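Colleague: As given, the protein sequences belong to chains A and B, one line each in that order. The first sequence begins at 1 in the working numbering and counts up by one. The second sequence begins at 319 in the working numbering and counts up by one.
Hints were generated in silico from the structure; no laboratory data involved.
These stretches of chain A come out as covered by chain B in the derived footprint (C-beta under 8 Å, 3 or more residues): (1) 160-171; (2) 250-257; (3) 264-272.
Keep in mind that this is a model prediction, so the values were computed, not measured. Yeah, the Cβ is synthetic: ideal placement off N, Cα and C, and Gly gets one too.
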Amino acid sequence: MTTESTAEPLLDDDPGEAPAGIAPGSAADLATTRPAPTRAGVSLWSRLLRQGTANVLLLAAAVFWLIPLLWSIAASLEGPVQITADGWGWLPTHPTGVNFVNAWNDGNFSIYLVNTVIIVAGIILVQGVTVSLAGYAFARFDFAGKRLLFTLYLLQIMVPVTALVLPNYQTMSSLHLIDTKWAIMLPYFASGFGTFLMRQAFRGVPPELEDAAILDGAAWWQTVRYVYLPLTRPSLAAFALVSIAFHWNDFFWPLIATNSSSNRPISVGLALLTASQESGTQWNLIMAGVVIVVLPLLIVFLIFQRAFINSFARSGIK
Amino acid sequence: MHAPISFGRLSRIITAVALSTVLLTSSVFAARPHASTVNLTMYFPIGVAGPLNSLMTRLVADFNDTHPDIHVNPVFAGDYVSASAKAQAGISAGSPPDVAVLLAADLFSFTDEHAVLPLDKYFTKKELADYWPAFLANGRLHGHIYSIPFQRSTPVLYYNKAMFSAAHIKKAPSTWAQLAKDAQKLTQRDSSGNVTRYGVEFPSDGTVYWMWEGLVLETGQKLFNSTGTKVYFNSPGAVKATNFLIDLSHKYHAMASGVLPWGGAPTDFTGGKVAMIYHSTGSLSAILAAAKFPVGVAFMPKDKTYGAPTGGGSLYVFKGIPASHVKASVTFIKWMTSPVRAAQWSIETGYVAVRKSAFKTHAMKVFAKQNPQVLVARNQLKYAQAELATHQDQQIHQFIDDQLDAAISGQSPTKTALQTAQQESNQILSQFGK
Chain A
1 MTTESTAEPL LDDDPGEAPA GIAPGSAADL ATTRPAPTRA GVSLWSRLLR
51 QGTANVLLLA AAVFWLIPLL WSIAASLEGP VQITADGWGW LPTHPTGVNF
101 VNAWNDGNFS IYLVNTVIIV AGIILVQGVT VSLAGYAFAR FDFAGKRLLF
151 TLYLLQIMVP VTALVLPNYQ TMSSLHLIDT KWAIMLPYFA SGFGTFLMRQ
201 AFRGVPPELE DAAILDGAAW WQTVRYVYLP LTRPSLAAFA LVSIAFHWND
251 FFWPLIATNS SSNRPISVGL ALLTASQESG TQWNLIMAGV VIVVLPLLIV
301 FLIFQRAFIN SFARSGIK
Chain B
319 MHAPISFGRL SRIITAVALS TVLLTSSVFA ARPHASTVNL TMYFPIGVAG
369 PLNSLMTRLV ADFNDTHPDI HVNPVFAGDY VSASAKAQAG ISAGSPPDVA
419 VLLAADLFSF TDEHAVLPLD KYFTKKELAD YWPAFLANGR LHGHIYSIPF
469 QRSTPVLYYN KAMFSAAHIK KAPSTWAQLA KDAQKLTQRD SSGNVTRYGV
519 EFPSDGTVYW MWEGLVLETG QKLFNSTGTK VYFNSPGAVK ATNFLIDLSH
569 KYHAMASGVL PWGGAPTDFT GGKVAMIYHS TGSLSAILAA AKFPVGVAFM
619 PKDKTYGAPT GGGSLYVFKG IPASHVKASV TFIKWMTSPV RAAQWSIETG
669 YVAVRKSAFK THAMKVFAKQ NPQVLVARNQ LKYAQAELAT HQDQQIHQFI
719 DDQLDAAISG QSPTKTALQT AQQESNQILS QFGK
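Chain B on its own, in the form it takes in the complex (with noise of 0.2 Å):
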């Protein structure tokens, strides 16, 4: 009964690897690029599915390659709270990222630090104003604008084309009444009265605060104020959104009712599964590839009014770093975000693209021509507003996250639920003042 490979011959195999460790690690002081050029760090998160990451590092070695000043090391950080806790790790320690990609909404956890420089400075009025106003309005505060929209995304309602014009619906449902009566009408159960097809599906795990902020601004009422100290979780408008996705479950059995994962709404969409979905424009090109039949992007349907959050990532310059640093991050966030590379990073990924001149482009519009749907995102971008931003964002996302998907679960009535994420809420925020 001898073991193939003994145990001591395996500590030996192990000892051998693990010196050759050493002697390769030695190596790691490996040289830096020319003292002329200025060397940035990036730390970018990664959002949404597809080969990003050689995307991104296309496009940095393209400027790279144009700006022999200059050389860009662009870094995967994860995804945006990872991101976010690297960036934070190197402020603890003094030596942060130049320049990062980071949750337009986290800008409160650096200001906070103040780790964030206010870039309005380096650009003019006219370069301002064709970022749409939907985007930059998460970076604003105090009067200065603290970082610049590059991956953003807002959510949309996305539809089956083929069931719609088989249930004899004409378009895509443009108010909650409307979308309740098509999701209605498009469920289809079998002989037994097991549903084989939802209307519609409004995925609630993970970040579901999100896409509910859209329905809340619908309502006309607006989720939290401007210094990032107060948030209106139990208003009147909170609790009707709230309770309309509860009611297309349970009243009228048009979705599946519970909580509906996120990454799965994409597919159940393009496998047939549901006639309609609520998801971002971020997902657009996964769907455009996979789905078999016509694909319809419509405004996320109105209550009072058209609404809908704008999220994703901006970028961020950091204190502490050089002054020429500084200059050549600006210069960078500018190539990064010029009309050319906004139409293709959007083009690439699903984004929508940052600037309203990236929309003029020659490949903007050749793109436009063939998927007409990316223009929908861009015009609702009229009526979107930021993204849920608070002074420890995370936490209070994470509170009013846990209490909609306990309303939504039905393990909470609606009004304790938001009253319980309120309260919780106010708890944090009253050490930020007025």
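Okay, chain A solo, but in the shape it has when bound (with noise of 0.2 Å):
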């Protein structure tokens, strides 16, 4: 792997930073930290031309991701007009919270938004610890049947998680987990794709480093603690924005391990909304709903976004 970053020896990021695809990493990459081939005679010109570009195309995929949303928006204000194919506009014609108050009602939400977080926050804390213990032992330990394992946990993020829905029901009934918060959990508290990007990333951490640390005496956790892990916060927090964002929308897997709303997230109040495969759609209702389930997830990413973003453009080894 650091065979290929011989290229650009600047470039400090690992190799394995790259798979997760998300936005502001790829584009902050693409904006700014390739400043190409800038020998001295290439014109300011040409540069800013070349950012105002840049800026242009990132400004017209931002505003075309937030259509969808703003759309969600503007119809769960929308009263009791219709929403037809072509017979309504962009601004509620008369404004009102009332789809909310029902959304919230019929949709359960005050008990499936604490669950939500309970299950969100307790897969992503094992996930952490589990995914950075496996990544380290596959980037730094040699063991016999290693490549073996490995290929047997690259081929895990290749089956489709709808198909272990019924060898987890059993397992999970046989443990008898079935209506617990545990029963959503266990099945993800190990991750083949979070101790891929972990491994990755700790591939491209220097093992003189590591070498230093043990000849001041750190164990091999606190290695991994004091050393390893500052270095990868970026692939970290790639891996728990995913994980975070797929286990906050997960539905299938919890509807079907779960029964009692006392242990049901989110994800099936809203489906008690968008059920209705024998009438039509109340549009305003699941826009709502829609609007409910994304905002916290929205608002800690604002909160959070300078904090993911640093610990993306700090990823430099000092």
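Taking the hints as your guide, dock the two standalone chains into a single complex.
Modeller: Structural data, given as structure tokens:
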């Protein structure tokens, strides 16, 4: 892996960062950290032009991504006026909060929101430990069957989650965990994708740093905690983002694995509003539900945005 | 350039939240109600928009209050497909629910796994005769009845009476030819020739096979055999029905072309974008509530005969539960489909009341006086038949839905598309004998 980075010795990012495809990171890469062959002769104008073009393109992409969100918010505020294929504009004509009240009650969101936070936080905490340790083992230890085991981890990424619903259900059933939050969380405590990501990140850390730490008398877990993890925050952050978003939205497995409202997440609440196979769709209500589901995650991201982006930007090994 | 909240602090917050997780979830093994009462688990899907979850919770609470020795725990299970998957997961782990509302047409998925109990022996002949035969049909197999109708619907033709009188059309069309003619008349164009209002809309995304089966039945053609081993997708009747749909758009220019969304049809109708729609009785309440014009409901127009499929969910009881649970489940089913409850469920949801005597209850008589539309659906049941039900029905439904979409959107000629669906289905169904 390190051989590839010789072309750009200043690009200190480990090669394992890319796969997550996180928009802020990759966009920043494209726009700034690739100054291109700036020989002395290249004029300021062409640089400005290039940056301007990049900004316009990024802005267009951002607007494109925003459209559904803005539409959801607008529709959720619309009064009893019908939303038809082409008969409804962008601004609510009869703004009202009644959809939110109805969605909140029909969708049982007060309980589900708390459950979701507990489930997602529980998964991400355990995953943080398991993927770092597994990634460390794959990156730095030699043991019999390592390649085979790692291949199996990679294969796990390729198995669609829905294919595992039945076996997982049977396992949870035999553990008597059906209809508990554990049943939702347990199958996700390990992650092939996270392990792969952390292994790649750890391999990008110069072994000399670990050797130095060992010379100073650090135990293996101390090198992981104080040498490896601080240097691989971007990968961990990327994984956390992907994982949080996935489990926040995950619907099918929680629906199958739990029965009681006291254990079910927010996605099930949303489904209470959207299931309308045999009748027309109530867009206003559904969009109010969507906003309720999306908003907490959006707020959390906005609050921690700086922290996330900084962790990407500061990935340098000093 | 210090971040307002550092990454380290973030991870500490996550840790704190997660630790409280562990503490909270340790109380998961909550105590179950008394040992003397029979505890039943019932899975139910939601098929129509509206606060169905709270209605179901209320209904079941009424049952529990009046039956101290039985406690039913209603469990929301998503839409029909995920409810079926949830039941299957339970079956595979040896812990099925006791009762479930599942797609009536999914019968074979459960009988093939020997997962459901025949229920006819718990009902008298007189009781069974009170359910509409068209609704019972999807539960019948080998002389037994495996499911009792609960939330059942059937498609009808909705029409805008104001537009009809403005166009001097006296009554709803009763034949295909009349429908095409009226729809043409009701289609409006602006000065430059763009359509501002279509005459009719037959939604065709998602489970288009359902209403399409109605058209096929109207040609006098059945769509499948009673043991679920044969389908007749490439029959002349099926071809004729499909071509009729395509003609509405491309010959009569009275319907938007292409695949039209199911969920948008009722709002197109109440928004005055279209004069007539084919849709489920399940949307009746929503349409009546939203429409600012008199709404007419009519039979699906006939070709050779009237015809319509039935749809929706029935109550199943699962094998492998204790005898006391079976008994309690039957008590529950009889209560849920009693005339008074069937009428209540119908009035509050838009589903057709599943029993004849439900229409003799006071509540239904009052409701039908204000909403005579509900009686049209009831009268059409005389011509209605079972929904397309075969072994591995979800796959078969997928085959025919995909090919119908291909034909409607013009990607392949009708005959080729239906032939493909037929061949794909034959391959699956050939394993299930004659």
